[in-house]
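> The lines below spell out each chain.
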Amino acid sequence: ETGVTQSPTHLIKTRGQQVTLRCSSQSGHNTVSWYQQALGQGPQFIFQYYREEENGRGNFPPRFSGLQFPNYSSELNVNALELDDSALYLCASSLAGREGAGELFFGEGSRLTVL
Amino acid sequence: AQRVTQPEKLLSVFKGAPVELKCNYSYSGSPELFWYVQYSRQRLQLLLRHISRESIKGFTADLNKGETSFHLKKPFAQEEDSAMYYCAPLGGSARQLTFGSGTQLTVLP
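Order-wise, the sequence lines are chains A and B.
Reminder that position 20 of the first sequence reads as 20 in our numbering, one-by-one numbering, no gaps.
Reminder that position 60 of the second sequence reads as 1060 in our numbering, one-by-one numbering, no gaps.
Isolated chain A, as found in the complex (with noise of 0.2 Å):
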């Protein structure tokens, strides 16, 4: 069984540059979550991403936009970076349906420098 793996692992970025981050999601999970987590802070919620389609989003502008693929996994696309975006990127995958809600499986993260 594969687990969750993300991609690049770090990188660096100056203000107002595009970035992308991806994820591979466990073996035989359908749904791939994205969060947010800055130095201090608890993962914040970006989006979720069930058959391709977004079904659901946190507090974040519209410059943060995401993909999911056919085989599951996902992309997520940060425009117009802000020195603010600067965190840890997390991706995390799961099953749909009542007893795969809330258990999520992490990646380790993809780490965001905005200079």
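Keep in mind that the hints were calculated from the coordinates and are not lab data.
For every residue, glycine included, the Cβ atom is placed at its ideal position computed from N, Cα and C.
Some hints here could point you the wrong way.
Selected chain A positions facing chain B (Cβ under 7 Å, derived; list incomplete) [said to hold, decoys possible]:
(1) Gly28
(2) Phe45
(3) Glu53
(4) Phe106
Model the placement of chain B on the given structure of chain A, informed by the hints.
This is chain B only, laid out in the frame that chain A set:
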């Protein structure tokens, strides 16, 4: 607004002592509640969920709807319990987890 509060950022106890990590929530309806844990150099993982009523690694958590609390307890802490602990209610349009700010538990020898 949905909110979860973990009032202690840092908590230290001695090995063998009881430990309680506090969590209070403000949520509409009756959310399901979870505790997640992150050990040093490991990824965030599920510790327990209140509906299963299981004891995981000696930890239990009781949901108190009157006090809207879901405190995590262990009668005898071990050094390997040192980690960051997050309380997380489940709710919202996507039935997503909302994480608290976390409590760093250190168990001293």
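> Can you name, in rising order, the numbers of the hints this structure does not satisfy?
1 and 3
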